[in-house]
Amino acid sequence: MTAPRAPSPQDDPEHRKAQEERLEKTWETPSGFRYWSAVNNSEVGIWYTATSLAFFLFAGVLGLMIRTQLAVPENDFLSATFYNQVFTLHGTAMMFLFAVPIFEAVAIVILPEMLGARDLPFPRLSAFGYWSFLLGGVFVCGSIFFNAAPDGGWFMYPPLTTDEKQTGIGADVWLLGLSFIEVASIAAAVELIVGTLKCRPPGMRINLMPLYAWYVLVVAGMILFAFPPLIAGDILFELERMFDWPFFDPKRGGDPLLWQHLFWIFGHPEVYIVFLPAIALLAMIVPTFARRPILGYSWIVLAAVGTGFLSFGLWVHHMFTTGLPAISLAFFSAASEAVAIPTGVQIFVFLATILAGSVVFSVPMLFAIGALGIFVFGGLTGVMVALAPFDWQAHDSYFVVAHLHYTLVGGMFFPLMAGLYYFYPFACDRKLSDRLGKWAFWLMFVGFNVTFLPMHITGLRGMPRRVFTYAEGLGFDTLNMVSTVGAFVFAAGVLVIAWDVLRPKSKEPYAARNCWNAGTLEWLSENPGRDWGVRTVPIVSTRYPLWQQPNFMRDYDEGRFYLPDAEEGKRETLITSVLDARPIQCLRVPGNTFMTMGAAFLTGGAFIAATFYAWTLTILFSIAALASILVWLWRGTALIPEKKEKDVGLGLKLPLYVSGPDSVGWWAMFITMVGDMSAFASLIFGYFFYWTIHATGFPPPNAAGPGLLWPGVALALTVAAWGAMLAGRKANAADKPYALRFWLLAATALAVGGGAALLWGPHATGLDPTSHVYPATVWVVAIWTAAHVGVGVIMTLYCLARSIGRKLTAEHDIDIHNVVLFWHFALVTMVVTVAVLALFPLAVK
Amino acid sequence: MIASTRANLVTLITAPTVWAVHFLVCYVAAATHCAKAMADARVFTGAEWPDITLARFVIAAATVVALAAIALSSRQAWGHWAHGDAEPPYDDATFDDRQQFLGFATILLCGLSFVGVIFVALPALFIGDCR
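Each protein sequence line maps, in turn, to chains G and A. 1 is the number of the first residue of the first sequence in the numbering used here; add one for each residue after it. 1 is the number of the first residue of the second sequence in the numbering used here; add one for each residue after it.
Worth flagging that the hints you see were computed from the coordinates, not collected in a lab. Even glycine gets a Cβ: it sits at the ideal position worked out from N, Cα and C. Just so you know, not all the hints are guaranteed correct.
[Stated by the list, open to error] With a Cα cut of at most 35 angstroms, we get these calculated DSBU-like pairs of lysine-lysine: (1) Lys845(G) to Lys36(A); (2) Lys36(A) to Lys251(G); (3) Lys25(G) to Lys165(G); (4) Lys807(G) to Lys643(G); (5) Lys807(G) to Lys644(G); (6) Lys653(G) to Lys17(G).
[Said to hold, decoys possible] Computed, partial: chain G to chain A, Cβ under 10 angstroms: (7) Met204; (8) Arg205; (9) Gly296; (10) Gly313; (11) Thr770.
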């Protein structure tokens, strides 16, 4: 399908020029200090990428400090306690501040244009996520300059880290700083899922979607199920550290193993959350340089989706030495072997594509092939440590350090460097140097292997990880020296790349358009880049439109597809249906603002103040953050357009305002709440975990609460509040604003009563959360649910205000649909809470 | 979700979802059984390791159900895949291409999930107690 050849207004060059000027003006990047108010994906994505690469360099320096300390036996370059901070922060920053955020960063940069969209549906949410990430990252990393960095290892095992004599404020920095960043990650996941499903260009059916988008979809979905358990774990952990609630204290019925479960339910999928998006870059790079479409598109989809699922069945393989029964270990061992199947499939698909094509060698390809080599090696040692008996020998030794660096550097870092060289001309208009790229590759490839290959032997000889030094003559001396030399060679390669990226290039020519001769939409972009993202939203009918659709680039440049103009001076992009990408809405996306930065800093302030136990400040910051978010929502969301429909070109008229399941906001709420439910499920998992380990019964025989009465009242009131919301939505649809407001007020009153009753139960029955893990667990579940009811109340009052402000009407009803959707989830949360807290104890009595 | 006559993203992930549920059932059955069978979850004090016959039955039943569900899903996907005029690699902009692509990808995922279920069930075949 090509654009129609009938006479079109686009035939007139003057007309096109006027359109381009309007588009330029609408999407213009602000200058001066206002530059930092930008929310467009091209700015936010670049900041995000640059910031996470900066954290990589920082964490890399920490890595070099580790290697320097270990170069010779009994070294005193770092003290033992400082060494603990260095290796903890090295792992923490690499994983939380580099590996995961860079996925979000790169996706924000390239995904919209790969999908022919002008922006993702929630640009301000991306900006909020970025500022949160920046603040949280600087806070966590900065702690080391005050000798206050976390020092309990990147997975923070209690009881070491719950002991305030052994670990200082660093543990709080870790827990609160990273929780804050995790929230930003979940925000990015919501944005990317909705973007992939709803912002594809017309015609790009699900079978034509670029493979990168498939991976983004899978990985963002994984984030929704992987990050919330860690947030739940962080909540339990902080409650123990701050208020002495004994979740991980065996003396009072707790169990440190629960933290390990929650951490690794996050931690193992996270490895794949890091790995898949990097492999996704290869799935774009390999076809370009093999000069042919990828072989086995469906097989890649199998691999991405299959890995996404299987990776959730692996977490206990980090806990093989904790004394769980052999049969439990064996399930995880089996799943760990099974995940090698889809992982291997992708490698074979890439190899087959390379073999079937005529390969053009280039720097990105060099990194891609190096990545496959290193990753396969790491994958094979992974199959070794997936076997429990082997793991018992290798656990906590340098063998594991070698294995994880082979998988992460081969599976993530090298593909990312391939992507950096590949996409640099797309993002920054000029090519990086081929000569420097080759130097960097060989320095890094050789340096990496010299560093980490000997570590397998160091580990098998018995050197434990995380020791700050070792005695002479144990057989570690030479191996460690070799590793250290290799690390500096590797670092030299990184420096070459850093120089290549940062060196001034203004005298160099711009890269040619589509300089790699690729086939996918993002390469339509011009150099120097234009602020509008895409000139026009194209009609796509193939997987590689630039290769397979005749006259595609010319039609695109002449604006012969959808939305070639910005008549009203509003930022717009197309929303399409999930499977077939039929156009369904012209979405107005919000423009630049400082509000998101303000909201992020205020939210961050609350987290940072809590780290120092400065409660008044925490509360003040929380209130200010809430206020700023409400202002942001009020002024920037569910905007009522000046007309119902808009002609988007080619004779198509689309609505400007849709609500309910058709709207992107509804999808975002739904997806967010799925993540929220997985955090809640983790808390409930904690309850039943304690039930399984308590031989004397859980609840303990003498436990009094929370009784049946107050939870029952809470449930009844919440059901009534939910019913009132449904009645309110109905009243609104019937255009009865006063009935709507009545029901909203009724829902508010009922919900406040429901939340209070739920908290009154454990209080009235005298459950003291510091006395034993049972009351602590009851309290945390009750508080979680009451807090959700509280958020529901705020949303309900927001709807009331919108109704009074005539921004919520029968015709314009986005807010009420989204809030009712929230209430569905809040109701489920309440039902499960009451069933577990009040009914389950009766059942097991 | 099995009854859908058109392939979509839900039919695509049916089989791996079955795998995940089966995995959880196996793990929860064995772990709960062993935790409850031993006086203290991780300290062995009895004369003999408690056996896990009951859990093994649960796992066997779950495995049969899971394999059957995956077989059903693959039969449905086969229907999506086999009916239509599209040719591999299903890269045209037609309904049939989309439907057959999803059908084929679903079959591949069914295969992986089938193997995965068997992998995960095998420990219960070989391990009979809580050691």
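Status of the hints after comparison with the structure:
1. With a CA separation close to 15 angstroms, the supplied pair Lys845(G) and Lys36(A) stays within the 35 angstroms bound.
2. Using a Cα cut-off of 35 angstroms, the hinted pair Lys36(A) and Lys251(G) holds, with the two alpha carbons roughly 20 angstroms apart.
3. Under the criterion of a C-alpha separation no larger than 35 angstroms, the hint pairing Lys25(G) with Lys165(G) is inconsistent with the structure, at around 59 angstroms.
4. Proposed proximity of Lys807(G) and Lys643(G) is supported: the alpha carbons are some 15 angstroms apart, at most 35 angstroms.
5. Between Lys807(G) and Lys644(G), the direct Cα distance comes to roughly 15 angstroms. Compliance with the 35 angstroms bound is thereby established for this hinted pair.
6. Proximity of Lys653(G) to Lys17(G) is assessed by CA-CA distance (about 23 angstroms); at most 35 angstroms being required, the pair is judged to hold.
7. Nearest Cβ of chain A to the Cβ of Met204(G): about 8 angstroms, under the 10 angstroms cut. The hint holds.
8. At a threshold of 10 angstroms, the smallest CB-CB gap from Arg205(G) to chain A is about 5 angstroms, leaving the interface hint in force.
9. With its C-beta approaching chain A no nearer than about 8 angstroms, Gly296(G) sits inside the 10 angstroms limit, and its interface hint holds.
10. About 5 angstroms separates the beta-carbon of Gly313(G) from the nearest beta-carbon of chain A, less than 10 angstroms, and the hint is met.
11. For the restraint placing Thr770(G) at the interface with chain A, the shortest Cβ-Cβ distance is roughly 23 angstroms, beyond the 10 angstroms limit, so the hint is violated.
In this structure, the earlier hints numbered 3, 11 are contradicted, and the remaining ones agree with it.
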